[in-house]
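For the record, the sequence lines run as chains E and D. Counting in my numbering, the first sequence runs from 14 upward without gaps. Counting in my numbering, the second sequence runs from 246 upward without gaps.
Just so you know, the hints here were simulated from the structure itself, not pulled from any lab data. Backbone N, C-alpha and C fix where the C-beta goes; we use that ideal spot for every residue, glycine too. Any given hint could be a false lead.
[To be verified] Computed footprint of chain D on chain E, listed as stretches where at least three residues anywhere in the stretch have a Cβ under 8 angstroms from a Cβ of chain D:
(1) 148-161
(2) 272-284
(3) 312-324
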Amino acid sequence: MSTGTATNAAPERTTKAATAPYRALARTLGTGAPVYALLIVLLLALAATDPGFYEPDRFLAFVKRAAPLVILAAGQYLVIVCGEFDLSVGAIVTAGVVAAAEVYGTHPGAPWALMTAGLLLAGAAAGLLNGLITTVLRVPSFITTLGMMLILEGAVFYWTGGSPQGRLPEDFRRLGRDTAFGWLPWAVLACVVAGVLVALLTRSDFGRTLVATGDSERAAHLAGVRVRRVRVLAFVLSGVAAALAAVLVGGFSGVSAQAGRGYEFEAITAVVLGGVALGGGRGSVVAAMAGAFSLQALFTLLNLQGVSGALESTVQGVIVITAVGLGAADFSRLRRRGHPPGPPTAAPPAPATPSRTHREGHPHDPQP
Amino acid sequence: MTGTALVPRPSPAPAKTRAPLGRHRLADPAVGVWLAAAAVTALGWIAVAARGGDFLTLTNVVGILQNSVALGLVAVGQTAVILTGSLDLSVAYLISLGTLVAATTMENGSVVTGVLAVLALSAAVGLANGLIVTGLKVNAFIATLGTAFILRGWIEDNYTGPAGKVPASFQHLGYDRMGPIPVSLFLLLAVTAALWVITRRTRFGHHLYATGGDEHAARLSGVRTRRTVIAAHVLCSLCVGAAALFLASRLGAGAPWAGTEARYDLESIAAVVLGGTVLAGGRGGVVGTLGGVLVLAVLDSVFNQLGVDPFFKNVVRGVVIIAAVALYARHGARRSA
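Using the sequences and the accompanying hints, generate a full structural model.
Printed below as a string of structure tokens:
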């Protein structure tokens, strides 16, 4: 994982500026350092524009709104870090919401726990299919999950005749709407639990083999990793995460044909904001989830600033490009040329982002 | 058309390709996709005939060809970008903006200024994409997604609905025919031919393949890979501009949903991959892409003739795309992404 790359690169990059505390910090933060900085800046900006933002209720409401995206980003991380894509998560969210409403239409009395479990299982099934098609039939996951997206959206609308109807009963929507113990929104709890589970998962053997697979499929295979199984499992977990997000989204906003639209790109953006390399092998899941929080903070900030809905996407585009560009920039080069490396907050990522040639990137700096 | 696909390609093991020539041809995705298009047409013809209809009428065939012009233009441009190992997700919003710019400039100015404005806008967007990908080293997926968001904001901020009006003289592009063949088809063929020549017969084209095949190796052997990627993005966006002009001429006005409704971003990538171009870059070509576009268009037409539910169409589309790409993968084309 990121720890490994940092230590590997250390002998070569150890300049006078990179003192031990810096390296320790960089090792802890990994490639995610820029996203933590971004998140802090955004949260400070939110506090500055809206003094009441950190009142517990409102802050929890913010986390609650971010929850589906954070969960999706955690799932997407697993898929991306092993070198694949999952474009079907948005469709899984839409399909989940619409299918739940449809089932409730015919069986109004279905218990919510059963329904939620059913959705999670269906999400796992969709992920399993994605994984098997990608690994066994060797279809690039971009195409597999794009196809799955078309299939799911088409199927759901075909089933409902084009306009999803029906309502979700209150007890099913509780997970998205209500609070536990009178103050903690269930969504926040779900988000925290899912986040902790995934974070623990990435520290387990499975997580390590996942990253190793994304880093070098061949090396992982030679080292005895069952590459296919690991990848399929990543897709399954991403599908489950998407289904969980569907339950939350259904609770927030009810039944809509647009429920999950665009979530797939937002999730991928969040993961990449977190410094996870598309193509796999690098990055931490906590940073990916921080990326999701950053995106949500950005949306909230733009809303508070009164940026019109239209321009919001422009600003979002600019910021995402800039943030990812800054993350990709290799500040150690500046340092070597003798320029000051800028503010110290920007310095730590340098040692952790050695100019490794990863498959998807554009490694322009020559390897020494 | 199929003949062009037999040009020696920089694929591994050229020595043993001589002996089983027939099999080799079939294994070539660019040939395979045209065969698939023929097969889909035949199946469609049978299916429609079984219901007492007639699929292969002249109007129907012409309709299929006309329907594939817009996606064809985008997909051919997308091919150039994908060959370098990059990607363009901003095409859908660029089309929308292109139709709006075309229609609003033509409303008060001449057709020529309108065309030039759209092409200038496209070139600028392509240049921006290329510079962000190569200069800022932002992954192409994110870079072009970001550009897409920027364009979307611009559109939504400035246009609330259809805007502008295209003069009647410009609508000839969308509606005129030479004999039975629509003029716009010649536009598509001309653009495809130009891109075929560029990719297969020029030094720049070889650089495209080299960059996509192994960027590091290409750079070490003297290819200016950054310039190549930037040029590919500009080329792609110019093709998208052409598609926007065609759609503006068809619609008679600029439409903010022209590109997004038809999902040209993902559809074009699907067509490119159906045509046998490898997503990771370095292998494939525009001839296959055109075949991929044709497969999608024929499917669409068959479904319309059979009166299949439009939502069910998407289901089948997804299955076909996955199945087709799975077939190529079985033929041993080694997947690297």
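Taking the hints in turn, this is what the structure says about them:
1. 148-161: holds (count 10)
2. 272-284: Per the Cβ count (3), the hint holds.
3. 312-324: holds (count 4)
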